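Asks: Sequence:
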Amino acid sequence: MHKPAKAGIARCPCYGGGVNRSTIFLPFAILALTAGCASSEGYPSLAMRDAERVSGTFSPTTEGDGTDQAPPPEIPADAALSTRIDGLLNAAKAAHTRFMDAAPRAQRLASAAGGIGSDSWASAQVALADLESQRSQAAIALSTLDEMHVEGVTTNTLPGVVTEARDTVISLIGEEDTLLSQLRAKVRG
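Position 6 of the sequence shown, counting from 1, maps to 6 under full-length UniProt numbering, and the rest follow consecutively.
Just so you know, the hints here were simulated from the structure itself, not pulled from any lab data. Don't take every hint at face value.
Straight-line distance between alpha carbons at most 16 Å, and here's what the computed EDC-like set of lysine to aspartate or glutamate pairs gives [stated by the list, open to error]: (1) 93 - 177; (2) 93 - 132; (3) 93 - 175; (4) 93 - 41; (5) 93 - 164.
Quick caveat: nothing in here was measured; it's all calculated off a predicted structure.
Could you put the whole structure together from the sequences, leaning on the hints where they help?
Replies: The following block contains the structure:
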């Protein structure tokens, strides 16, 4: 039966009064300390293997030793590819034309932009968004040309018209990016 507690003496349950806390953690400490003593016979060495070493010799070539290789042959584009490339190039040029048509208005609004949150600032932001939308239309054409370029390079069947069209669209987008960065700087002011 329970005995009433005497004044000033705290009661301890009978199941935990005599257990020392250090004896609880002793098995865990032994496991942690002996884990580093495991044998290393079953594990491979981390040393560099012969296959990982660089071997072989390369002799430098000189300009006139006759080992110059001819450039890869020009691969002609078929009619379907030419039509597709022309369509992408025309789409990029049309987007660039729309961009350049909208640019003067955006420049006026960016120059007149007031502080952040003002009506003139909001109008300039809308004009910049319109320009970025036109730029993204040209970028869509560029992404398709990039896919065609990568496919042609990896399969060694790259017609020159793909590279030419891609370079043209890259220059158009570069011009648009330059103008957009100038206008953004004006609006941030």
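Asks: For every hint, state whether the structure bears it out.
Replies: Hints versus structure:
Of the supplied pair hints, the one linking residue 93 and residue 177 holds, its CA atoms being roughly 15 Å apart against a limit of 16 Å. About 15 Å separates the Cα atoms of residue 93 and residue 132, which keeps this hinted pair within 16 Å; it holds. Proximity of residue 93 to residue 175 is assessed by CA-CA distance (about 12 Å); at most 16 Å being required, the pair is judged to hold. With a C-alpha separation of about 68 Å, the suggested pair residue 93 and residue 41 falls outside the 16 Å cut-off, and the hint is violated.
A threshold of 16 Å between alpha carbons decides the hint, and for residue 93 with residue 164 the separation of about 14 Å falls inside it, so the pair holds.
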